[in-house]
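J.: Line order of the protein sequences matches chains S and X. With my numbering applied, the first sequence corresponds to residues 1 to 113, in that order. With my numbering applied, the second sequence corresponds to residues 114 to 228, in that order.
Treat the hints with care, since some could be wrong.
What the hints assert, rightly or not - Footprint (simulated), chain S over chain X, 3 or more residues, beta carbon under 8 Å:
hint : stretch
1    : 154 to 168
2    : 204 to 213
3    : 216 to 227
Source of the hints: derived by calculation from the structure; they are not laboratory data. Given the structure is predicted, the values throughout are model-derived calculations rather than measurements. Each residue gets a CB set at the ideal place from its N, CA and C atoms; glycine is no exception.
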Amino acid sequence: ELKVEQNPLFLSMQEGKNYTIYCNYSTTSDRLYWYRQDPGKSLESLFVLLSNGAVKQEGRLMASLDTKARLSTLHITAAVHDLSATYFCAVDAPTSGTYKYIFGTGTRLKVLA
Amino acid sequence: GAVVSQHPSRVICKSGTSVKIECRSLDFQATTMFWYRQFPKQSLMLMATSNEGSKATYEQGVEKDKFLINHASLTLSTLTVTSAHPEDSSFYICSAAGTGLGEAFFGQGTRLTVV
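Modelling step: build the complete structure from the supplied sequences, incorporating the hints.
T.: Here you go:
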């Protein structure tokens with residue numbers, strides 16, 4: 001059974017600081033996705049990582065994928081209040097190519113002014 | 114990105130009644146659609162996978178007679194919660210995948226409250 005774990009579960013940080021969210025998964029997968037969710041809303045796609053070593057950046061967020069370590073990271077640079085949200089990683093289930101996602105536990109981020 | 118529309122966004126129903134939620138892919142053909150459930154402050158849990166014209170495949174622990182899924186066309190899947198009870202209150206989110214898109218796309222979600 002594919003399991004996806006994130007840490008930390010909760011993160012409270014000051015504006016301007018850097019931090020990294022980790023996503024570990026238990027079985028082989030070459031596809032990993034990062035999403036943002038605001039309270040009461042659905043998912044907003046942040047990054048699609050489709051190969052080992054993939055690195056993508058958008059604004060203050062950068063995501064990477066190491067398929068050998070079964071690890072993805074979401075790095076936050078110089079955090080601002082608008083980044084406060086819950087962040088999920090998701091991995092394709094072992095029947096790859098079906099876009100059947102197993103989600104991580106989520107990281108609730110609060111950026112303090 | 115491709116657009117997936119989910120309707121309604123919010124619904125309140127009485128215990129014992131049934132509720133239907135629609136998930137439509139607006140600008141692509143969705144060969145596969147997925148239904149997820151999310152309880153407050155928790156992650157998304159996959160409920161079932163539906164392929165156009167086929168019976169849905171349910172995840173372990175999901176009652177197929179309670180959560181009826183129909184994927185009658187390449188642009189529409191429906192989830193019907195039958196004989197709803199307060200414990201079925203949750204946020205239901207669909208996603209849709211099509212050929213060559215590289216990822217699944219999510220609907221806006223439906224907040225179901227059973228009173």
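J.: Hint by hint, note whether the structure agrees.
T.: Outcome of the hint check:
Residues of the stretch 154 to 168 of chain X lying with their CB closer than 8 Å to a CB of chain S number 7, which satisfies the three-residue condition for coverage. Only residues whose beta carbon comes within less than 8 Å of a beta carbon in chain S count, and the stretch 204 to 213 of chain X has 3; three or more means the coverage holds. Check result for the stretch 216 to 227 of chain X against chain S: holds, 8 residues qualifying (beta carbon to beta carbon below 8 Å, three or more required).
Of the numbered hints listed earlier, not one is contradicted by the structure.
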